[in-house]
Amino acid sequence: MKVDKDRIVFLGTGGGQNVMFTQARKTGGIYIKMDGTEFIIDPGPGSLVYAQQLKLKPEKWDGILLSHLHPDHCTDANALIDGIKNPILIAEEHCLVPSDDYYPCVSNYHQKKAKTYKAVDGSEFKIKPLNIKATKADHYAPPVGFRIEGTKTICYAGDGTYYKGQEKNYDGCDILILNVLVPKGKIALLRKHMSVDEAIKLINRIEKKPKLVIIQHFSFWMLRSGLQLQIKAIRDATGVKAIAAKDFMEVELDTLKTRELKA
0 MKVDKDRIVF
10 LGTGGGQNVM
20 FTQARKTGGI
30 YIKMDGTEFI
40 IDPGPGSLVY
50 AQQLKLKPEK
60 WDGILLSHLH
70 PDHCTDANAL
80 IDGIKNPILI
90 AEEHCLVPSD
100 DYYPCVSNYH
110 QKKAKTYKAV
120 DGSEFKIKPL
130 NIKATKADHY
140 APPVGFRIEG
150 TKTICYAGDG
160 TYYKGQEKNY
170 DGCDILILNV
180 LVPKGKIALL
190 RKHMSVDEAI
200 KLINRIEKKP
210 KLVIIQHFSF
220 WMLRSGLQLQ
230 IKAIRDATGV
240 KAIAAKDFME
250 VELDTLKTRE
260 LKA
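In terms of numbering that gives the first Met the number 0, the sequence shown is numbered consecutively and its last residue is 262.
Possibly wrong hints are sitting among the right ones.
Said to hold, decoys possible - Per label pair, the in silico range of CB-to-CB distance:
1. Phe-219 - Asp-34: 31 to 39 Å
2. Gly-121 - Tyr-101: 15 to 23 Å
3. Asp-81 - Lys-54: 15 to 23 Å
4. Lys-54 - Leu-189: 33 to 41 Å
5. Thr-150 - Ile-186: 38 to 46 Å
6. Asn-17 - Val-119: 26 to 34 Å
No lab work stands behind these hints, which were simulated from the structure alone.
Since we're looking at a predicted model, the values are computed, not measured.
Glycine is no exception: its CB is placed at the ideal position from the N, C-alpha and C atoms.
All chains, please: the whole structure from these sequences, using the hints.
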């Protein structure tokens, strides 16, 4: 797989405070290169370090997308803005503006260094030729997902549980990335993250199914429940090709072939 091809690289597949703190799975976010455009989604702890280790040349990236302000999604945003030349920042609005309950995760200084846009449900943006739409997500902190359209369509649902009508946001995606923290048949005490059962419901309700579903952002609960068992349950229930992401996994957009990169 040639590095000049359009691709996704997972700089971390862990989610939630416990996995983030232990780094049982890395938490560096999702690097995407498509149509001459390079950017990162949700650069949590380690994003800059891992990008440098993998020689992804973050100084040449075009921008950063932030789905919400939790630390496992945003802590390296300021550091990346410092090094990227003329960065574009598209961030859920609470990442940028203080409120009674939340404090911005991107400093005023760094907001001014970037070309900064507030993302709310339905808002649309461009990074070079790519069209990016913020989509509704249902989490306990204000979130968005992203639909990224170019020669391929990549959809990232972000954190949160399934809600009625969510499938409309992801109709016709080539690749659908889901943050899944609750194993099949289990119910979390607090409904704040997607379960395998909800992922199945979402996929089955999408009219034009994705060519590939990738689950990631794993909790210890998911890791201890056997990721291959969880993936098999999704495949069997939906008939859709699905894989569990690994740290430093690369997906070639044209072929959907995967490989693991070495730092």
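Okay, the hints, checked on the actual structure:
Restraint check, Phe-219 to Asp-34: a C-beta distance of roughly 37 Å satisfies the suggested window 31 to 39 Å. Checking the proposed 15 to 23 Å range against Gly-121 and Tyr-101 shows it holds: the Cβ atoms sit about 21 Å from each other. For the pair Asp-81 and Lys-54, the supplied restraint of 15 to 23 Å holds, since their beta-carbon distance comes to about 19 Å. At about 40 Å, the CB distance of Lys-54 to Leu-189 agrees with the hint of 33 to 41 Å.
Remark: the range hint 38 to 46 Å for Thr-150 to Ile-186 is upheld by a beta-carbon distance near 40 Å. For the hinted restraint 26 to 34 Å between Asn-17 and Val-119, the CB-CB distance of approximately 30 Å keeps it satisfied.
Violation of the numbered hints given earlier is absent; every hint is satisfied by the structure.
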